[in-house]
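Novice: Chains A and B supply the protein sequences, listed in that same order. According to numbering that gives the first Met the number 0, the first sequence holds residues 0 to 418 in order. According to numbering that gives the first Met the number 0, the second sequence holds residues 0 to 148 in order.
FYI, nobody ran anything at the bench for these hints, they're computed from the structure. Hints should not be assumed to be uniformly reliable.
[Stated by the list, open to error] Mimicking DSS-like on lysine-lysine, the simulated pairs with C-alpha atoms at most 25 Å apart in a straight line are:
1. K414/A with K125/B
2. K16/B with K414/A
3. K54/B with K80/B
4. K16/B with K412/A
5. K16/B with K125/B
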Amino acid sequence: MTALTTRKDIQTELAYDVARVREDFPILKQMIHGKPLVYLDNAATTQKPRIVLETLDRYYKEDNANIHRGVHALSERATRRYEEARVKVKQFLNAADAHEIIFTRNATEGINLVAQTYGRKNVREGDEVVISAMEHHSNIVPWQMLCEEKGAYLRAIPMNDAGELLLDEFEKLLNPRTKLVAVVHMSNALGTVNPVEKIIEMAHKHGVPVLVDGAQAIYHRKVDVQALDADFYVFSGHKLYGPTGIGVLYGKAALLEAMPPYQGGGDMIRSVSFEKTLYNDLPYKFEAGTPHIAGGIGLGAAIDYLEGLGMERVAAYEQQVLAYGTEQLTAVPGLKMIGTARDKASVLSFILDDIHPHDVGTVLDMEGIAVRTGHHCAQPVMQRFGVPATVRASLACYNTREEIDTLVRGLRKVKEVFG
Amino acid sequence: MSDLRELYQEVILDHNKQPRNFRKLENANREAEGHNPLCGDEVTVYLDVEDGVIKDISFQGKGCAISKASASMMTAALKGKTVAEAEAIFGQFHAMVMGEDEDVDAENLGKLAVFSGVREFPARVKCASLAWHTLHAALEQQDTPVSTE
């Protein structure tokens, strides 16, 4: 038995063949300014495997029709495939029921949906909403808008110099006026993976529901919404190797059922007269109008692809490249890492001497290396660390140690130009 | 690398390292702040304008090499120019970095012509033009700071 397990472990380790994974992503095989593309801007969006591209193409070529309406064959086929995608998402998140999966445009829309429905119904004057110091603007502004409208207060869990949330301070923020906690699972600017299970447990002791922004975590960690006991969980398809324009809001059925609708329109109703409209059941109550049908089906294909690679195996591989990248970048003279939490994934955010990140980004681009430079839609994070911007390299399932080496050579070139 | 050197010419790197007129102008009668929300670049341009002539000009702020060098070289180029001349140079500079007019006479722009390489880098055009837009805003003000009281 022991011998068998050991052999399986070795196989698992060997089975992650990054060269083969790269073959699945047609876009990676191109030259930028005469150099092979090194794509390290995955926290902004990931590239798409061939199976996702082919699924989108096939949908429009063979199955395209509007869903939930027609009795004809194409409509039934399109409906079936769209709903199958919802079931794939349900299984991927380990949600209790497929009707807890609401398709949205992206994570941002999921957060706005909860703010404008659950938030407007439950948050009153003098109440408090708790977020964290490392939120993306998309998990700040919707709550600010809500708090402004209601005369409520927005509180933020502070973090330490490594970029880790201070849970003792979080405990102090929880009080009878706290109506919701909205916290990021993994920071796009720092790479920190937050202990959301613990945060949820702490909030629930005070009877406060928790929304988790999973935009980054979703493609680096296995997410189980029931094990986390998350009340809401949002993510975008395009960061999960799927199409843009499709995202997911998971919500516990009891919460979703008690919430008023978000947008009005077709598909979200049961019956309409000029006197009264009866709303549809979950999930359609929150899906007004013709949705991004191809996007939903494409997201399903992306989930199949990632599960084929093995979520845990991908995560373990990425951690190895991250560790290598951290080691190599830290050795570059004048480089300072921003975000050094103990639990991190994918993100290498840094500044180099006093060279502005945009200048670093332009020189790296000429070397074929795509990184993100700027405030990463997280200006409060930049203020916390006293920098206007950072350079951010972020990893996905297809990145290699050799690409880290190319990045390091690129940074030496940057230092030559601005030395 | 040749393209890169076209963007980051020696004179630009020099002005980035040692920006000219990088100070607050105490006797400024016009000033304006500019910022690029996309990258967080900030610049304040100070002017002392008398009888339609830019007697003195300075700037402060933070930003990338392109934006800092552009502000520095702008102040060096405009000191002693009339407001009308400054506006004309702004127009030519803008056309050059936007790539609107391939035939902008680099002679007229003198040293500022080193920024012609920027048009090959669309993401960086705003870096080069930030100080100039801020100047334009400052020049449109009255001679004395406008008071709301």
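Novice: Evaluate each hint against the coordinates.
Specialist: The hints, checked one at a time:
no. : hint               : verdict
1   : K414/A with K125/B : holds (23 Å)
2   : K16/B with K414/A  : holds (13 Å)
3   : K54/B with K80/B   : holds (8 Å)
4   : K16/B with K412/A  : holds (18 Å)
5   : K16/B with K125/B  : holds (20 Å)
Taken one by one, the earlier hints all hold for this structure without exception.
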